[in-house]
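Using the sequences and the hints given, assemble the complete structure.
Same order as they appear, the protein sequences are chains A and B. Each residue of the first sequence is one higher than the last, beginning at 11 in our numbering. Each residue of the second sequence is one higher than the last, beginning at 11 in our numbering.
Just so you know, the hints here were simulated from the structure itself, not pulled from any lab data.
Identical copies go unnamed one by one, so any copy, or any two together, can satisfy a pair.
With a Cα cut of at most 20 Å, we get these calculated SDA-like pairs of lysine to any residue:
| id | residue 1 | residue 2 |
| --- | --- | --- |
| 1 | LYS86 | GLU72 |
| 2 | LYS25 | ARG58 |
| 3 | LYS83 | PRO128 |
| 4 | LYS86 | PRO128 |
All values reported here derive from a predicted model rather than from experimental measurement.
Number of protein chains: 2
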Amino acid sequence: MNIGEVATQAGVPAKTIRYYESVGLIPAAARRGNGYRSYSQTDLHTLRFIHRARELGFSVAEIEDLLALWRNKRRKSQAVKAIALAKIAEIERKIAALETMKRTIRHLTAHCHGDARPDCPILDDLAGDGG
Amino acid sequence: MNIGEVATQAGVPAKTIRYYESVGLIPAAARRGNGYRSYSQTDLHTLRFIHRARELGFSVAEIEDLLALWRNKRRKSQAVKAIALAKIAEIERKIAALETMKRTIRHLTAHCHGDARPDCPILDDLAGDGG
DNA sequence: CCTTGACCTTCCAGTGACTGGAACCTTTAT
DNA sequence: ATAAAGGTTCCAGTCACTGGAAGGTCAAGG
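Below is the structure:
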């Protein structure tokens, strides 16, 4: 497969695949006589793995670890589970931070008329007049 | 005030204040004879406004709009409220995406032994074997 | 007078994970 | 012959800083 086809099949832009290669997340692809990159089913499988992990919020660095574990038939499942649980904790922290932001902004908007008048407690509060 | 003091008072690193100036978020500060930047109470007030808005997840571009509205005594409060409500919607989208990630990862971990054995449904699922 | 240290200045480079675009080559179809 | 669609490389930009180098300024202490 050329890069375009594997990109379509894996759901990852061709440009991004070249980027993954450049940063060493995937090994350098084999080349055809014309210099085009050539991908196998295994490469496609790996790219799909990466795509799914990225969707789930894993960083490229974390995916490197995950890929090493995936390829290592002797890995311990606890190593994988630890990464997943840490990611859940991180997601929960992010959600909590966003909930706090949301509550605060909602609170600000609650007292703003939202009409043609200039009076706006949102700006006053952002300025620190109210906290 | 020198940049260090206004930085402490506003809760924004000096480096970040110079950055804000360089990207035009704040006007170029007045300079003393020795070339040091000099800040007024108004500048401090603006920096605090920016700090608080950043904490609440507003981008620098959005803060530019908010600052323009803040300075404009004839603004309509609906313009401010619209930005705030759009931000709430954006935060809600982010939270929903994170919740989906969390549910999926939690689901993956639920079937992984997490022990010394290599068998790991997390990796199998990431690879697409199960979805 | 000299030094030390804290503060200030500028500018350049790096972060994460791409993405856009230029300039060019190859293949396929018309 | 030519055009379109694919491929190649490399450089620059995104966002909001942050780190660091190399140097100027200021107040206090010996």
